[in-house]
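Asks: So the chains spell out like this:
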Amino acid sequence: MPLSAVVFSSDMIRGALLSRAFKESGFEVVLLKNLHAAENILKTKAPALVVLDKRDYFRNELEHFSSLSGLMAGVSVFVIANTPPDGSLSLRNVPVEWCLSHPLDLPFITKKAKEFLTVKRESNTGELKELLPEADESGPSEDDTLTKDLMGFLGL
Amino acid sequence: MTETTGSSDYQKTPSFDESSSRGGVAIETQPEAAGGPIGLDVGTSNIVMAQNRGSKLYIAKQLNAFFAIPQSKFTRQILIQNEIIFFEHNRQFFIVGDSAENFANMFNTNTKRPMELGLLSLREDEGIAIIQAIIKSLIQRPKRFGELICFSVPGQILTANLGTSPVDSHESVIKMYLESLGYSAIAINEGLAAVMAELADDNYTGIGISMGGGLCNICLSYMSVPVITYSIPKGGDYIDEKASHDVGIPATQLKGIKEEGIDLLALPRNKTELALQVYYLDVITHLVNSMEQIIGASDKMPKITDPIPIVISGGTAKAKGLKERFETSLKSIRLPMEISTVRISKDPLHTTAKGALAMAISESK
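Here the protein sequences come in this chain order: A and B.
The first sequence begins at 1 in my numbering and counts up one residue at a time.
The second sequence begins at 157 in my numbering and counts up one residue at a time.
Each hint should be verified, as a subset may be incorrect.
DSSO-like, lysine-lysine: derived pairs with alpha carbons at most 30 Å apart [what the hints assert, rightly or not]:
#1 B:Lys292 to B:Lys479
#2 B:Lys459 to A:Lys112
#3 B:Lys459 to A:Lys120
#4 B:Lys521 to B:Lys456
#5 B:Lys427 to B:Lys456
#6 B:Lys459 to B:Lys427
#7 B:Lys476 to B:Lys268
#8 B:Lys331 to B:Lys521
#9 A:Lys112 to A:Lys23
#10 A:Lys111 to B:Lys456
#11 A:Lys111 to B:Lys521
#12 B:Lys212 to B:Lys292
#13 B:Lys427 to B:Lys479
#14 B:Lys456 to B:Lys331
#15 A:Lys43 to B:Lys521
#16 B:Lys456 to B:Lys487
#17 B:Lys331 to A:Lys33
#18 B:Lys521 to A:Lys114
#19 B:Lys459 to A:Lys33
#20 A:Lys23 to B:Lys521
#21 A:Lys33 to B:Lys521
#22 A:Lys114 to B:Lys459
#23 B:Lys268 to B:Lys229
#24 B:Lys292 to B:Lys229
#25 B:Lys456 to B:Lys479
#26 B:Lys456 to A:Lys23
#27 A:Lys120 to A:Lys43
#28 B:Lys292 to B:Lys331
#29 A:Lys112 to B:Lys479
#30 B:Lys476 to B:Lys398
#31 B:Lys474 to B:Lys487
#32 A:Lys45 to B:Lys521
#33 B:Lys331 to A:Lys23
#34 A:Lys45 to B:Lys456
#35 A:Lys33 to A:Lys45
#36 A:Lys114 to B:Lys456
#37 B:Lys459 to A:Lys23
#38 A:Lys114 to A:Lys23
#39 A:Lys111 to B:Lys459
#40 A:Lys33 to B:Lys456
What the hints contain is simulated information worked out from the structure, not anything from laboratory work.
Hey, can you work out the whole structure from these sequences and the hints?
Replies: And the structure:
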């Protein structure tokens, strides 16, 4: 099943390019312009990845997006920008990766976004394994099944 | 205004059957009933429709022109007997499409056009009605309500002072008419249509250029996304009119000479050929320079590492030697990406309609 991604871009053409590139990379993509629509899409779509093309968004729009951290459990945010992190986004407890790309380097962006998701997944899996009891090497046990079920449920 | 064709349906549909060896005109007594998405090229010179019918690509074309004659009972009878497409308005018969040119030739004068520089002309009162009549002669109401039709529109026109002229109202009028017939209508940029028709093997990435009668349309597409689109107000009509003014031959006559096969690489044999070559080169130079100016200055360009192709379509691209002249001119400019090849589309006159059909099929899935 394809991972779902929501792309926010204030520019129709850049948005269409990002949307097409992520689709080609196997994502199911929703493209949106208005960051104020984020609340609704986060509630209804529960995407694995939010791609934010930061260019030309107003500070108040970015502040509104930042205020939605509570709705982003399980969501990774991938920010595409011309400049390094500048404090305009302050997401709490949300994995965020910045990708500097000017002009848009679409193969690089999608590759980096996939790597970001993979690293995040691996790190989550490690944390989860630490929390769970070690499996008995003699064969599958009830605990093994529980681990698999839990990891499957979390999509790990 | 009433629309009359002698019966409830138009009687004549000239069509190009791609399966025929010469691609010649086949006259059908009734447009073949067919379903499925349609591609429609609404050009300044011609209106072309494309549709898949069974395993064949069906293409039909009409000249986007009209000729008005005084109304009389006798004339009406003659028009109906000869299956001429016409409608009546203000005590005149408006003969539209290919037949208009025949009448103009008979009267030793020119046809009029409902479109100018790629857009509906504001000079002609009946322009919209004429376009509607021509479109109706090419497409029927859809079998299924909401069937997709994709029609071509020009890019914003670069004027001499680099301002833009709106195409939205033109698009809106065509869309409203097609929707009134029962279609779901979407627009495609003419340059993008060239990409959709010709650059599938390049993942729809490249520059599509449509050299039409009124305009040259340019689109830089990345994976079918039209990143940069615009048009320049020069095309086949510009060449005809300027050369006509210089050598004193009517533009329609020059158009005929041009279409017989002007060779842009050969030494001109007379002043007419010289004039045609001069203005052809003027259009090519303007086109190529505009690419440097617009594509080179765009901040929307994604990073393109591999060289991309250029495909050129449209009636004006049919001149012999155009590819070579274009390549020569291209060497004089700088672009932010490398160009792999320049090629003329396989079927320049029908490329836009085919690209629009490809988009309609893709969107209807």
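Asks: With reference to the structure, classify each hint as holding or not holding.
Replies: Results for each hint:
1. Restraint check: the Cα-Cα separation between Lys292 (chain B) and Lys479 (chain B) comes to about 35 Å, which exceeds 30 Å; the hinted pair is violated.
2. With a CA separation close to 15 Å, the supplied pair Lys459 (chain B) and Lys112 (chain A) stays within the 30 Å bound.
3. Simply put, Lys459 (chain B) and Lys120 (chain A) have alpha-carbon atoms about 27 Å apart, close enough for the 30 Å limit, and the pair holds.
4. For the hint pairing Lys521 (chain B) with Lys456 (chain B), the CA-to-CA distance comes to about 29 Å; that is within 30 Å, so the pair holds.
5. Taking the CA atoms of Lys427 (chain B) and Lys456 (chain B), the gap is about 44 Å. The hint is violated against a cut of 30 Å.
6. Distance check on the hinted pair: Lys459 (chain B) and Lys427 (chain B) sit about 46 Å apart at the alpha-carbon level, beyond 30 Å; violated.
7. Simply put, Lys476 (chain B) and Lys268 (chain B) have alpha-carbon atoms about 28 Å apart, close enough for the 30 Å limit, and the pair holds.
8. Distance check on the hinted pair: Lys331 (chain B) and Lys521 (chain B) sit about 21 Å apart at the alpha-carbon level, within 30 Å; holds.
9. Pair hint Lys112 (chain A) plus Lys23 (chain A) holds up; C-alpha atoms about 15 Å apart against a cutoff of 30 Å.
10. Distance check on the hinted pair: Lys111 (chain A) and Lys456 (chain B) sit about 21 Å apart at the alpha-carbon level, within 30 Å; holds.
11. For the hint linking Lys111 (chain A) to Lys521 (chain B), the alpha-carbon distance of about 28 Å falls within 30 Å, and the restraint holds.
12. Of the pairs offered as hints, the one joining Lys212 (chain B) and Lys292 (chain B) holds, with about 22 Å between alpha carbons and a cut-off of 30 Å not exceeded.
13. Between Lys427 (chain B) and Lys479 (chain B) the alpha-carbon distance is near 23 Å, which keeps this suggested pair within the 30 Å criterion.
14. Between Lys456 (chain B) and Lys331 (chain B), the direct Cα distance comes to roughly 28 Å. Compliance with the 30 Å bound is thereby established for this hinted pair.
15. Among the hinted pairs, Lys43 (chain A) with Lys521 (chain B) is consistent with the structure: their alpha-carbon atoms are about 28 Å apart, no more than 30 Å.
16. Note on Lys456 (chain B) and Lys487 (chain B): the hinted pairing holds, with a Cα-Cα distance of about 23 Å set against a maximum of 30 Å.
17. Restraint check: the Cα-Cα separation between Lys331 (chain B) and Lys33 (chain A) comes to about 25 Å, which is no more than 30 Å; the hinted pair holds.
18. Only pairs whose Cα atoms come within 30 Å are accepted, and Lys521 (chain B) paired with Lys114 (chain A) is accepted, the gap being roughly 28 Å.
19. Restraint check for Lys459 (chain B) and Lys33 (chain A): satisfied, since their Cα atoms lie roughly 22 Å apart, inside the 30 Å limit.
20. Taking the CA atoms of Lys23 (chain A) and Lys521 (chain B), the gap is near 16 Å; set against the 30 Å cutoff, the hint holds.
21. In summary, the hint linking Lys33 (chain A) to Lys521 (chain B) is supported, as the alpha carbons are separated by about 25 Å, within the 30 Å threshold.
22. This hinted pair checks out: Lys114 (chain A) and Lys459 (chain B) have alpha carbons roughly 19 Å apart, not beyond 30 Å.
23. As the CA atoms of Lys268 (chain B) and Lys229 (chain B) are separated by approximately 24 Å, the hinted pair is consistent with the 30 Å bound.
24. Between Lys292 (chain B) and Lys229 (chain B), the direct Cα distance comes to roughly 24 Å. Compliance with the 30 Å bound is thereby established for this hinted pair.
25. Taken as a hint, the Lys456 (chain B) and Lys479 (chain B) pair is honoured in the structure, with Cα atoms around 28 Å apart against an allowance of 30 Å.
26. Of the pairs offered as hints, the one joining Lys456 (chain B) and Lys23 (chain A) holds, with about 20 Å between alpha carbons and a cut-off of 30 Å not exceeded.
27. The straight-line distance between the Cα atoms of Lys120 (chain A) and Lys43 (chain A) is roughly 21 Å, inside the 30 Å bound, and the hint therefore holds.
28. The hinted pair formed by Lys292 (chain B) and Lys331 (chain B) meets the criterion: a straight-line CA distance of about 14 Å does not exceed 30 Å.
29. The straight-line distance between the Cα atoms of Lys112 (chain A) and Lys479 (chain B) is roughly 40 Å, outside the 30 Å bound, and the hint therefore fails.
30. Straight-line distance between C-alpha atoms of Lys476 (chain B) and Lys398 (chain B) comes to about 20 Å, which keeps the hinted pair within the 30 Å bound.
31. Of the pairs offered as hints, the one joining Lys474 (chain B) and Lys487 (chain B) holds, with about 21 Å between alpha carbons and a cut-off of 30 Å not exceeded.
32. The straight-line distance between the Cα atoms of Lys45 (chain A) and Lys521 (chain B) is roughly 23 Å, inside the 30 Å bound, and the hint therefore holds.
33. Between Lys331 (chain B) and Lys23 (chain A), the direct Cα distance comes to roughly 29 Å. Compliance with the 30 Å bound is thereby established for this hinted pair.
34. Straight-line distance between C-alpha atoms of Lys45 (chain A) and Lys456 (chain B) comes to about 29 Å, which keeps the hinted pair within the 30 Å bound.
35. Among the hinted pairs, Lys33 (chain A) with Lys45 (chain A) is consistent with the structure: their alpha-carbon atoms are about 16 Å apart, no more than 30 Å.
36. Annotation: proposed proximity of Lys114 (chain A) to Lys456 (chain B) holds, straight-line Cα distance about 24 Å (limit 30 Å).
37. With a CA separation close to 18 Å, the supplied pair Lys459 (chain B) and Lys23 (chain A) stays within the 30 Å bound.
38. At most 30 Å may separate the alpha-carbon atoms for a hinted pair to count; Lys114 (chain A) and Lys23 (chain A) meet this at roughly 12 Å.
39. This hinted pair checks out: Lys111 (chain A) and Lys459 (chain B) have alpha carbons roughly 15 Å apart, not beyond 30 Å.
40. Straight-line distance between C-alpha atoms of Lys33 (chain A) and Lys456 (chain B) comes to about 16 Å, which keeps the hinted pair within the 30 Å bound.
Hints 1, 5, 6, 29, counting from the list given before, are not met by this structure.
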